[in-house]
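Asks: Sequence:
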Amino acid sequence: MSSPLARPDDNRTDDNRTDDNRTDDNRTGDNRTDLLDQKDRKDRKEQLARPTRRWTGLAVLVLAVTLVAVDATVLSLAIPSITETLGPSGTQLLWIGDAYSFVLAGLLVSMGALSDRLGRKRVLLAGSVAFGAASLLAAYAPGPGWLIMARALLGVAGATIMPSTLSLIRALFPDARERATAIGIWGAGATAGAALGPLVGGVLLEHFWWGSVFLLNLPVMVLLLVFGGWLLPESRDPRPGRWDMVSVLLSMAGVIGAVYGIKEFAAHGLESWATPATFALGAAALALFVRRQLRLATPLLDVRLFRDRRFTAAVVSSLISLIGLSGVIFFMSQYLQLVRGYSPLSAGVAELPAFVGSVVGGLLTARLARRAGARRVLTVSLLVMGLGIAVLGVVRTDSAYLLIGSSFLALGTAEGVVYTLSSDLVLGAAPADKAGAASAVSETAYELGAALGIALVGSILTALYAGSLTVPPHTDPALAEQAGQSLGGAVQAAAALPGDLADQLLTSANSAFVHGINVAAWVSAALLLTAAALAHRLLRARPESPTAPGPVAGES
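Our numbering puts the sequence shown at residues 258 to 813.
Keep in mind the hints are simulated off the structure, nothing from the lab.
It is possible that some hints are incorrect.
[As the list claims (entries may be wrong)] Ranges between beta-carbon positions, derived for each pair: (1) L659 / V483: 38 to 46 Å; (2) M502 / L475: 30 to 38 Å; (3) R597 / S725: 17 to 25 Å; (4) W312 / L482: 17 to 25 Å; (5) L482 / E738: 41 to 49 Å.
Using N, Cα and C, we set each Cβ at its ideal position, and we do this for glycine too.
Please construct the entire structure, taking both the sequences and the accompanying hints into account.
Replies: Next comes the structure, spelled out in structure tokens:
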């Protein structure tokens, strides 16, 4: 408390001194920031000066993105085992499959901007630790609800890893041609990880329980922490601006609300008023998010990037292609095990052509784009994906494996090209200091596509399965309801029936499931052909970009 004898002039002098101190503090803060930036630039120069260490750092980033990609698909072969052990309902089964992608998609933009601010290496390493902890929780989940929650936490951790890896490539490889090759290798790791997931899961499930597919993440996490801390340079936006929490909340609410509404509508229609209300709230939050970004001096996501046709074509292609691909692939794992009678390991080996194709496609992307142009390569790859998935529309319960393997090979190769080229187009259209946020847009489209694919295609398949299933007469109502939930439920119900009734139920369930796969494959093929047409149109011309992007893989 000031003395009653103090004069007004003295008070003004104290205020001025306080202002001076604040100014000094601000200057000190700016100086500290400048020192950190100088240290980061020095570390990066040292990293760039040694090509061997630069490419070894890329190997660490590929390991990180492969970990996240494997976790998105490794669970597919474990679904029958989870159904038998935990007894989830049909809706819970879908949530176990796509809770990871939903949460990952909802947080990618926010986490990408956070990595720009705090440092991409720091966020990557912190996310790796969180990923390991969530993997432990998932491995020992006692029930379906716990497993869904653990998958959601894995999504939170994965959202910190994905955009950091791609934006660190921008820092490691400033040369456009080298960066295109690096992104090709990175894309091969991502798509190969998604394709490798079922094989890894099959090997583990052949010898261990279903939770072992999550414990696989722990040794990979240790390698990431050791080699990532040693080999990767720190990289951040030197002037990130204010962190806008309102934008973070709007982006999360918008993505999760809109996708949840679409999922529930596909699964149950308009049975409840909550479905359209949730979708409307999500759409309103997204509209407010876009409006707010246009007004902020330093937006969480620069939505003006969508004025660049390359950027828009890349994002739209990733989104639609994954919607068409992920749902059918998710249920093909069940087809191989429950309809064809493959063991988990055999089913993983059966999906190996997709893994081989995705690696080859990712590695060849830069060369193909330089020779034929990004527009032609992206369009043709989406067409090949559509034709490859259309083949599954004629699959029967006893179809030759050659038909299925050829479809997997075409899908994997084309997806490797689409994913890698889309990532390169997005990264080339964004300024270097916003690489994390821009990368997050690409990954958001990818994960949203994966989640929507399982939700929409899965809901179509589930509805067709339930409508086509014929339960033998005099079957216990509880068993009939269990059989109508999912193909795994029908297998469990058949085990409790006499021989003839069990055979009738399994025959009907297999036919109904295959019918659902056929229709879902045709719907997915139509989506991919639509994506090809959109990519061809959007990449037709190249208007001036407000961000003045550098060259991409398909340009000299």
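Asks: Find the hints from earlier in the document that the structure breaks and name them by number, from lowest to highest.
Replies: none
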